[in-house]
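Engineer: If you want the building blocks of each chain, they are given just below.
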Amino acid sequence: MVAQLDPTVVDRNTTLDTLLQTPAGRRLMTCIQCGTCAATCPYGEGMDFSPRLVINMLRRGFLDEVIQSESLLRCVACYACMAKCPRGIRLTDVLLPLVKEQTLVQQSEIPAELQKSLQNLLRYGNPMGESPRKRANWATTAGVQVPLLAQRQSNGPVEVLWFVECYTSFYARGQDNSRATAKLFDALGVDFAILGNEEKCAGDCGQLTWESGLFETLTAHNLEVFNKYRFNRIVTGDAHAFNAFRIRYPMYGLQAPVEHTTGFFARHLPQLRPLLTQRLDRRVTYHDPCCLGRAGGSYDEARALLEAIPGVKLVEMVHHRANAICCGGGGGGMWLDTYYKQKGLERLSERRVKEAIATGADVLAVACPYEVSRFEDALKVVPHDRPMVVRDVVELLAESLA
Amino acid sequence: MNLYVLLKMVPDTVEELNVAADGKSLDSEFLRFKLNDPDEHALEQALLLKEKHGGKVTVVTLDAPEVDDVLFTALAKGADRAVKLPVNQAELGTVAAARVLADFLKAEATPLPPDTLVLPGSYAIDDLEGELAPLLATALELPYVGVVCGIAPAEGKATVRKEFAGGLRGEFEVALPAVLGIQSADKPPRYVPVAKVRAAMKSARIETVDVPPPDRPRQLELERTYKPEAAGHAEMLEGSPEEVADRLVEILVKNSAI
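From first to last, the protein sequence lines are chains A and B. Residue numbers for the first sequence, in our numbering: 1 to 402. Residue numbers for the second sequence, in our numbering: 1001 to 1258.
Don't read these hints as lab results, they were simulated from the structure. Be careful, since some hints might not be right.
Here are some of the chain B residues that sit facing chain A, going by a computed Cβ distance under 8 Å [claimed, not checked]: (1) Val1014; (2) Glu1015; (3) Phe1030; (4) Arg1190; (5) Tyr1191; (6) Val1194; (7) Ala1195; (8) Arg1198.
Derived pair list, reagent style BS3-like, types lysine-lysine, alpha-carbon separation capped at 25 Å [as the list claims (entries may be wrong)]: (9) Lys1034(B) x Lys116(A); (10) Lys116(A) x Lys343(A); (11) Lys1196(B) x Lys1084(B); (12) Lys1034(B) x Lys134(A); (13) Lys1187(B) x Lys341(A); (14) Lys134(A) x Lys1227(B); (15) Lys1034(B) x Lys1084(B); (16) Lys1196(B) x Lys116(A); (17) Lys1034(B) x Lys1202(B).
All residues carry an ideal CB built from backbone N, CA and C; glycine is no exception.
Please work from the sequences and hints to get the whole structure.
Structural biologist: See below:
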């Protein structure tokens, strides 16, 4: 199973040309071409070059053909291939991003939605192209004080630097996640603060998608802002930001410990449990976000939180934990729905909600901000008899607070 | 081909625009500038023409905030030469801007070589009438077609496609050199990876070319800039449906509508 990335495996300057001189690159040579990666890939059947073939083409010197095809536009960076590889080959976080990056350089045209999102990320620091000056506007609707780090009076370091992220700042349903997190911090008496309008997207999808230059630009900005302040840890509700801070940012100098909100609140469960007094009599099924589950090994935290809510009955989908099917939003997939539709591919979010519906649950619980919009959209088109709502784990916790 | 693309920076409307204390200019506190959209298409069209027919793409701008980023991005996309004319764009009216750009082009070569196309965007959000291109063509004594959405060059001439209102299209044959105001390129403007732009910033150079300052920066004097003002308000009729109907008929009669 995938664990913390060993920084000696690959460094930030590794390119396709130097990959084979790194331990991770040499490991590629041990691939036994078993095809488990291709079979577990949710879009494997829609790719001209499955992960297995990418490795084979690389080893035989035909990688250019892969780079010149659109095949890897179908990679949603879900870590499934890497998690299942019997040889421990680092596909999702090492090989595939390097190949994708070259694909981006080669393609004269990329799908319009993806292009616009990448351009917006560079110019405005968020993929939706919203004004960066409005990033923290949601905080006035939180119902509790959401302090800005820049306005902090105390001299000592803040305990929690809460990195809010884009969908949770700008997207109306995403803000529900932020309001819930603020309420939970407040209820627990956590010393926290946000960066406000100084924050820009952490850039995870930049790195895992196509755009190392974009990722580095965003990283440089955020690290410069981090360096202005004193804080003990970073907590984020965005599984993708968590992924970037945990794996890539340390290569650029980030040293602070990083937690996802599910991990943070699970660690505070003894203090949180007595506060969860509102009964929520619901059947809940939990979708493991790729960046928390397969990439981070965190499966139990969210489930422990859900089970701590009085009245909640947790049921599992057919594919769960390491086998969970991606919502289709990673690796740029968030902005490729139109493209996938044009290519006749099923939206992964629709595939996933069918499994959720089959459990008979009332609530599809998630822990990544992409999933709320993706699954709510999917539920609009996938027929189901019993009503189902999508809620972030923190939203359910906040609902259960007195 | 010898392709000149004229790029203009316009206010980015993602940030709310506010009128400055002088009541005339835009409040610059949070104002950011971006490349005018049709100009981005003009650049794309030039790059597509270069890829198909060979030649050289020169991008030209007046001085404006954030313009260097735009020039380096154009170089990273495939432009061969980036020229900045050190005249503050904000101080020039459209007539004077056309004059400055015409002076630059005349200094490049008089007459311009017969395979030359000068490609400004067809309009800008602060030049909705699209006056720059025809003014420039007049100053250069060159033919002009605006709202162009397709160019097929041939020896000494080009067939250009132009859009009209109501879904009509027209095809024109124009002698080269010519000025063509671009509405849209044959393909959407391409993406350029950030790493390529950064490489361009390290290796490429923006050329500064001096031009004589225009004797009359503005032809028109701006009196006032203001946000749309509500002229009137809707009147809500209250009461039972019969009362409302009676009142409505009364109003319509009074206004000679029935």
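Engineer: For the restraint on Phe1030(B), tell me whether the closest CB of chain A is nearer than 8 Å.
Structural biologist: 6 Å, holds
Engineer: Using the nearest Cβ pair, does Val1194(B) come within less than 8 Å of chain A?
Structural biologist: 3 Å, holds
Engineer: Going by Cβ atoms only, is Arg1190(B) closer than 8 Å to chain A?
Structural biologist: 6 Å, holds
Engineer: Under the criterion that the straight-line Cα-Cα distance not exceed 25 Å, is the pair Lys1034(B), Lys1084(B) satisfied?
Structural biologist: Since the Cα atoms of Lys1034(B) and Lys1084(B) sit roughly 16 Å apart, the hinted pair holds (cutoff 25 Å).
Engineer: Tell me if the straight-line CA distance from Lys116(A) to Lys343(A) falls inside 25 Å.
Structural biologist: 20 Å, holds
Engineer: Can you confirm whether the C-alpha distance between Lys1196(B) and Lys1084(B) stays at or below 25 Å?
Structural biologist: 21 Å, holds
Engineer: So, as I understand it, the hint says Arg1198(B) touches chain A; can you test that by seeing if any CB pair is closer than 8 Å?
Structural biologist: With a closest approach of 6 Å, the Arg1198(B) hint holds.
Engineer: Are the Cα positions of Lys1034(B) and Lys134(A) separated by 25 Å at most?
Structural biologist: Holds. Lys1034(B) to Lys134(A) sits at ~19 Å (cutoff 25 Å).
Engineer: Do the alpha carbons of Lys134(A) and Lys1227(B) lie within 25 Å of each other, as the hint requires?
Structural biologist: OK: Lys134(A) and Lys1227(B) at ~21 Å, within 25 Å.
Engineer: Please verify whether Lys1187(B) and Lys341(A) have alpha carbons no more than 25 Å apart.
Structural biologist: Between Lys1187(B) and Lys341(A) the Cα gap is close to 21 Å, so the pair holds against 25 Å.
Engineer: Close enough to count: is the Cβ of Glu1015(B) nearer than 8 Å to one in chain A?
Structural biologist: 5 Å, holds
Engineer: CA of Lys1196(B) to CA of Lys116(A), is that 25 Å or under?
Structural biologist: 17 Å, holds
When the structure is compared with the earlier hints, no violation turns up for any of them.
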